[in-house]
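Asks: Make a model of the complete structure from these sequences and hints.
Chains as they are written, first to last, in the numbering used here: chain S, 398 to 634; chain X, 398 to 634.
Hints were generated in silico from the structure; no laboratory data involved.
Heads up, a few of these hints could be off.
What the hints assert, rightly or not - Taking lysine-lysine and the BS3-like style, the derived pairs with C-alpha atoms no more than 27 Å apart in a straight line are:
hint: 1; chain 1: X; residue 1: K631; chain 2: S; residue 2: K632
hint: 2; chain 1: S; residue 1: K469; chain 2: X; residue 2: K531
hint: 3; chain 1: X; residue 1: K461; chain 2: X; residue 2: K402
hint: 4; chain 1: S; residue 1: K487; chain 2: S; residue 2: K631
These numbers were taken from a predicted model, which means no experiment stands behind them.
Next come the chains, spelled out residue by residue.
Protein chains: 2
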Amino acid sequence: MKRYKREDPVSYALGITLTFEMLNYAPEHSRKVYIHSSMERGESFKKLEELCKKLNVPMEFSDKPFNILSQKENCYVIGEFEKFRRKNDKNADHVVLVNPSNAGNMGTIMRSATGFGVTDLAIIKQAVDPFDPKTVRASMGAIFRMNVAEYDSFEDYEREAGNRSLYPFMLKAKKKLPETEFSSPFSLIMGNEATGLPDSFLNVGTSVIIPHSDRIDSLNITIAASIALYEATKKNF
Amino acid sequence: MKRYKREDPVSYALGITLTFEMLNYAPEHSRKVYIHSSMERGESFKKLEELCKKLNVPMEFSDKPFNILSQKENCYVIGEFEKFRRKNDKNADHVVLVNPSNAGNMGTIMRSATGFGVTDLAIIKQAVDPFDPKTVRASMGAIFRMNVAEYDSFEDYEREAGNRSLYPFMLKAKKKLPETEFSSPFSLIMGNEATGLPDSFLNVGTSVIIPHSDRIDSLNITIAASIALYEATKKNF
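Replies: Structure, rendered in structure tokens:
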């Protein structure tokens with residue numbers, strides 16, 4: 398076992414909570430569960446053992462993976478899973494991340510999207526690795542419930558995503574978020590953390606701005622995406 | 398010079414952008430600007446030099462503070478400032494953080510609050526250090542434009558904050574955010590990252606929930622605070 402790399406066919410869920418999410422929502426991709434020697438053999442362990450047995454996922458008792466994969470103390474369980482490819486649902490709402498560059502941010506957006514009932518994420522490359530253990534951790538396991546698909550270009554995405562309403566979020570947009578009506582299926586499109594979306598997106602669907610004071614340059618990308626998700630889905634809750 | 402500690406009377410703005418924010422918005426608290434030997438003597442340097450001269454803030458040319466204070470490469474400027482205490486404005490809207498435990502989250506919330514025109518932050522102890530360089534960095538300098546005040550208890554805060562509408566954000570609340578009318582001056586009250594607000598806050602003002610699917614336990618605290626800020630202030634933008 399070595400440090401995680403993007404080209405590896407497997408990735409890891411660090412910690413017992415994430416490992417349960419992996420087993421419950423991606424059982425077909427769960428390959429192994431590692432148990433640290435300091436793990437207490439209490440209720441949680443029993444539940445984990447039963448679930449692994451039921452799903453036919455082997456448990457391995459070894460401290461080595463923890464030294465390699467986890468910097469955190471108190472991490473006594475690691476789930477190993479095959480990276481899965483799921484197609485985006487043409488009839489569902491999507492979040493689209495164009496050239497995202499931060500694994501933690503991507504995971505946090507997965508968590509928010511799942512929270513607001515949007516379980517399709519489209520990633521336009523170049524992009525950070527959606528299966529990086531940091532992404533998995535920041536998603537709090539939401540990644541296992543989502544359809545995450547990667548595309549080489551936005552044009553490729555458009556071609557495959559079916560007929561839908563596109564809402565790129567940009568500082569140069571004219572339409573203010575509180576005045577925007579969202580019609581499903583929709584795509585909320587967010588740009589790179591540092592550079593935002595290119596101006597060409599002003600010609601894509603209805604571009605939207607989250608108005609804010611000029612005392613800050615922009616909102617953090619996870620904040621902007623989550624506010625967009627909240628506003629676009631709030632009639633459902 | 399030593400590593401930053403909470404009990405120090407000064408803290409640091411790491412990087413040139415943050416240092417400009419410090420000089421522009423907290424000139425009376427700016428004590429010194431450190432310049433790394435790798436800093437190019439271009440336009441930015443000239444502007445910085447002029448501003449320091451104008452404000453009578455000494456520049457010190459030394460690489461040592463960078464080795465001690467900054468893990469990042471490409472950090473060639475550090476601003477040193479006295480920690481300042483400003484009172485919360487009784488007539489303004491506030492964000493109140495009860496027992497916040499993460500410096501980065503606190504800074505991100507400062508940035509969102511400033512973005513939505515709320516420049517008063519009340520912190521109820523026990524709490525993470527609002528002047529930690531990590532907070533300063535995550536705030537993107539917003540901290541220098543804010544009134545940040547700490548209180549020993551929520552009762553102390555209520556006593557000093559004047560007559561206002563209180564909105565604690567809790568998963569057990571009955572009022573849904575999209576149906577909530579906010580009347581100024583208001584306080585948006587957020588709990589600890591892991592534990593949320595204690596049940597006693599159900600009896601404080603109007604408790605509010607941000608409805609989301611049961612596929613996640615809760616939203617990230619920075620996300621919840623920012624959505625609350627967006628909804629409570631959107632009529633102003």
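Asks: Does each hint hold? Answer for all of them.
Replies: To see whether the hints hold, each was checked on the structure:
no. : hint            : result
1   : X:K631 / S:K632 : 17 Å, holds
2   : S:K469 / X:K531 : 19 Å, holds
3   : X:K461 / X:K402 : 17 Å, holds
4   : S:K487 / S:K631 : 21 Å, holds
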